[in-house]
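Protein chains: 2
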Amino acid sequence: MNGTRAIADVDREVDRVVVTWDDGGRSTFHHLWLRDNCPCPSCRHPSVPERLVDTLSIADKIAPETVGVTALGGLDVTWAGDGHRSTFAADWLDEHAYDDGPRYEAPARTLWSGGAVAPPPEVSYAAVMESAAGLREWLRQLERFGVSFVRGAPTTPGTVVGLAERIAFLRNSNFGLLWDVVSKPDPDSLAYTAHALGPHIDLVSREMLPGVQLLHCLVFDADGGDSVLVDGFACAAELAAEDAEAYERLTTTPVRFRYRDGAGTDVSARVPLIRLDVDGSVREVRYSNALLAPLDVPTDDMLPTYRALRAFGRILVSGRHELRIRLQPGDVMCFDNYRVLHGRAEFDPNSGPRHLQGCYVDRDDFLSRLRTLDSNVDPDVDRRVY
Amino acid sequence: MNGTRAIADVDREVDRVVVTWDDGGRSTFHHLWLRDNCPCPSCRHPSVPERLVDTLSIADKIAPETVGVTALGGLDVTWAGDGHRSTFAADWLDEHAYDDGPRYEAPARTLWSGGAVAPPPEVSYAAVMESAAGLREWLRQLERFGVSFVRGAPTTPGTVVGLAERIAFLRNSNFGLLWDVVSKPDPDSLAYTAHALGPHIDLVSREMLPGVQLLHCLVFDADGGDSVLVDGFACAAELAAEDAEAYERLTTTPVRFRYRDGAGTDVSARVPLIRLDVDGSVREVRYSNALLAPLDVPTDDMLPTYRALRAFGRILVSGRHELRIRLQPGDVMCFDNYRVLHGRAEFDPNSGPRHLQGCYVDRDDFLSRLRTLDSNVDPDVDRRVY
Numbered sequence: 001m002n003g004t005r006a007i008a009d010v011d012r013e014v015d016r017v018v019v020t021w022d023d024g025g026r027s028t029f030h031h032l033w034l035r036d037n038c039p040c041p042s043c044r045h046p047s048v049p050e051r052l053v054d055t056l057s058i059a060d061k062i063a064p065e066t067v068g069v070t071a072l073g074g075l076d077v078t079w080a081g082d083g084h085r086s087t088f089a090a091d092w093l094d095e096h097a098y099d100d101g102p103r104y105e106a107p108a109r110t111l112w113s114g115g116a117v118a119p120p121p122e123v124s125y126a127a128v129m130e131s132a133a134g135l136r137e138w139l140r141q142l143e144r145f146g147v148s149f150v151r152g153a154p155t156t157p158g159t160v161v162g163l164a165e166r167i168a169f170l171r172n173s174n175f176g177l178l179w180d181v182v183s184k185p186d187p188d189s190l191a192y193t194a195h196a197l198g199p200h201i202d203l204v205s206r207e208m209l210p211g212v213q214l215l216h217c218l219v220f221d222a223d224g225g226d227s228v229l230v231d232g233f234a235c236a237a238e239l240a241a242e243d244a245e246a247y248e249r250l251t252t253t254p255v256r257f258r259y260r261d262g263a264g265t266d267v268s269a270r271v272p273l274i275r276l277d278v279d280g281s282v283r284e285v286r287y288s289n290a291l292l293a294p295l296d297v298p299t300d301d302m303l304p305t306y307r308a309l310r311a312f313g314r315i316l317v318s319g320r321h322e323l324r325i326r327l328q329p330g331d332v333m334c335f336d337n338y339r340v341l342h343g344r345a346e347f348d349p350n351s352g353p354r355h356l357q358g359c360y361v362d363r364d365d366f367l368s369r370l371r372t373l374d375s376n377v378d379p380d381v382d383r384r385v386y
Numbered sequence: 001m002n003g004t005r006a007i008a009d010v011d012r013e014v015d016r017v018v019v020t021w022d023d024g025g026r027s028t029f030h031h032l033w034l035r036d037n038c039p040c041p042s043c044r045h046p047s048v049p050e051r052l053v054d055t056l057s058i059a060d061k062i063a064p065e066t067v068g069v070t071a072l073g074g075l076d077v078t079w080a081g082d083g084h085r086s087t088f089a090a091d092w093l094d095e096h097a098y099d100d101g102p103r104y105e106a107p108a109r110t111l112w113s114g115g116a117v118a119p120p121p122e123v124s125y126a127a128v129m130e131s132a133a134g135l136r137e138w139l140r141q142l143e144r145f146g147v148s149f150v151r152g153a154p155t156t157p158g159t160v161v162g163l164a165e166r167i168a169f170l171r172n173s174n175f176g177l178l179w180d181v182v183s184k185p186d187p188d189s190l191a192y193t194a195h196a197l198g199p200h201i202d203l204v205s206r207e208m209l210p211g212v213q214l215l216h217c218l219v220f221d222a223d224g225g226d227s228v229l230v231d232g233f234a235c236a237a238e239l240a241a242e243d244a245e246a247y248e249r250l251t252t253t254p255v256r257f258r259y260r261d262g263a264g265t266d267v268s269a270r271v272p273l274i275r276l277d278v279d280g281s282v283r284e285v286r287y288s289n290a291l292l293a294p295l296d297v298p299t300d301d302m303l304p305t306y307r308a309l310r311a312f313g314r315i316l317v318s319g320r321h322e323l324r325i326r327l328q329p330g331d332v333m334c335f336d337n338y339r340v341l342h343g344r345a346e347f348d349p350n351s352g353p354r355h356l357q358g359c360y361v362d363r364d365d366f367l368s369r370l371r372t373l374d375s376n377v378d379p380d381v382d383r384r385v386y
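For the record, the sequence lines run as chains A and B.
For the first sequence, the working numbering begins at 1 and goes up steadily by one.
For the second sequence, the working numbering begins at 1 and goes up steadily by one.
Don't take every hint at face value.
Put simply, identical chains are the same to the list, so a pair is met inside one copy or across any two.
Below 25 Å or equal to it, Euclidean Cα-Cα: the simulated SDA-like pairs (lysine to any residue) are [said to hold, decoys possible]:
#	residue 1	residue 2
1	184	270
2	61	307
3	61	304
4	184	39
5	184	44
These aren't lab readings, by the way, just hints derived from the structure by calculation.
The model shown is predicted, which means the values in this text are computed figures rather than measured ones.
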């Protein structure tokens with residue numbers, strides 16, 4: 001795992017080899033696994049990042065003819081039967097050793113209450129747009145805190161698109177690629193009114209949540225309209241600690257969200273309010289009072305479900321995990337839409353204009369960009385026009 | 001549930017009312033649920049499709065002052081305390097009664113072997129483009145069989161975009177909104193070579209699979225290159241019936257897929273090969289030999305996991321659930337990318353050209369369009385330009 005070990009010795013067993021590293025550690029690799037992961041150019045395409053070896057083509061009882069240690073401390077296998085040869089670098093084997101099972105890439109998250117992120121993480125627009133280091137800093141803040149403010153952006157409409165495309169292409173929805181948050185005469189969302197919006201996750205009625213949201217403040221002269229951010233993962237952790245029964249219920253009871261306008265969109269998702277990942281950690285906090293469909297759990301579960309939902313909601317609106325700020329023109333408020341709920345106070349549209357523009361990027365692409373930045377891939381090489 | 005019942009009588013209990021319908025049936029509605037679902041214009045926005053009532057604002061011990069039956073057989077409640085009044089239509093209550101728990105909208109699926117869909121479901125391009133009925137027929141075939149061929153499309157490049165937009169906007173990816181499947185000099189996917197492709201699901205390395213894939217044949221004069229489709233849900237059902245242990249393992253063991261090119265994309269997903277939905281039905285069959293990352297289950301699970309994976313793979317490639325066809329110019333092969341695997345035989349790029357164009361639409365939007373068609377919403381009203 002440290003990437004600097006070499007193999008000192010190899011023992012053959014009936015269905016596996018056991019490697020002894022030069023620091024005394026040991027790793028087990030099954031014959032089938034080794035043959036399936038042969039890195040030679042006929043088993044793995046030399047330039048296309050895909051496997052050519054077909055797992056189904058490997059004999060059940062595949063076994064080596066010979067095994068040995070390479071000059072560089074890697075593993076050399078010649079397979080009985082067809083004489084195919086597989087050579088594994090020590091680093092690669094060490095990285096992929098599975099004796100203890102999966103090594104999750106646990107994100108480095110810092111849960112916060114309002115006070116703990118005031119002032120909230122920020123980066124300058126220029127740094128993000130002009131350097132890989134600035135881009136990486138921005139995305140690391142988003143990954144760690146679920147929130148980052150980009151300051152000093154031009155207030156030209158459409159600016160947020162170029163910022164988002166530093167990560168990847170935009171995620172589309174029924175609201176379009178780029179949406180204007182203003183008080184509109186014929187709104188299809190409460191966002192496009194002057195109403196207060198309680199803390200919520202966007203597009204909860206879709207199975208596939210957008211991962212990252214960017215909200216760019218162009219003009220803000222209206223009275224009211226402060227923004228609120230809430231760390232939903234911190235709230236989920238508080239619920240788990242204080243009310244295990246409610247937490248258990250919310251992580252296992254699917255509830256339905258639905259958004260149906262009169263113009264051709266009718267999306268619906270049935271998911272737990274707190275959705276866990278495969279490793280048991282919280283993956284999504286899917287809370288939106290405005291879009292929750294009528295609960296349809298069985299009669300005996302109805303009041304316990306309401307109790308759990310309200311216990312969680314009360315933590316969300318308690319203010320303990322809330323960051324309240326007034327956006328300034330040129331601010332881009334960016335947050336993890338799986339984790340951080342956003343809302344706003346009511347504003348008075350007659351007191352002055354308030355104009356934000358927003359867009360989304362999917363979490364797959366957000367994580368992809370983080371990985372490539374960590375691998376020092378220049379983020380500008382794939383600035384294709386989408 | 002039949003939508004024609006009226007309420008004959010209402011009984012009050014401490015925390016709920018019990019309604020007796022005029023056909024003798026009974027439904028229970030908790031006070032909290034009724035107050036939370038009040039349909040009046042101050043609790044539910046009259047034009048924006050969102051709730052205004054805040055679940056958290058309702059008193060724990062909310063109770064009616066009076067309950068009664070309306071002239072139309074609905075339910076009339078005046079709430080103690082603030083005197084707020086909620087009137088529920090009989091149809092709406094009947095539709096949302098929850099005594100027996102959720103009513104899943106189980107898709108009407110027909111699982112198939114190759115023979116059972118030969119000839120496969122098809123619709124004409126003209127019907128889909130020119131009528132809501134044709135569009136609905138196409139989407140119903142996709143929902144039922146996971147596959148539908150649109151015949152007689154023009155062979156003009158870009159045609160498939162307009163076809164996909166009959167459903168909704170396109171789903172983007174690192175391969176772009178519209179991709180050309182041809183043998184390329186510097187491919188970033190095996191799809192863009194002349195290699196055979198085993199049956200697979202597209203973009204398995206993303207947490208968020210694209211829901212529907214459209215592949216439009218423009219030119220096909222090359223030797224070889226027959227297309228193969230496999231019903232993955234039929235294969236999963238066969239595995240469940242014949243090898244319950246393998247099925248159990250594949251539905252519960254997360255495995256990792258990864259796609260990393262040299263140009264800025266590094267996506268990774270850790271999910272079970274067979275992913276179940278909240279109701280226990282199969283949601284996704286995520287099989288792609290080419291993109292499976294090295295298995296990293298704990299040592300003792302490695303051989304059982306391989307055994308299960310190979311048992312499933314052998315069903316997939318057995319030919320029993322396979323449809324094999326040679327695309328003709330003007331055909332658009334459309335399939336459910338959660339369910340139906342696709343592949344192709346090797347072809348000889350020197351024997352003549354082969355040019356397909358493909359794109360994706362997300363499942364949320366596919367289902368949304370189906371719902372709105374079922375509600376007789378004209379699909380042309382939201383043909384906005386994305």
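These are the hints, each one checked on the structure:
1. 184 with 270: neither (30 Å within a copy, 42 Å between copies)
2. 61 with 307: Answer is between; shortest inter-copy Cα gap is 12 Å, intra-copy 56 Å.
3. 61 with 304: The answer is between: 14 Å across copies meets 25 Å, while 53 Å in one copy does not.
4. 184 with 39: Result: close only across copies, 23 Å inter versus 58 Å intra.
5. 184 with 44: between (55 Å within a copy, 18 Å between copies)
Violated hint for the displayed structure: number 1, the only one.
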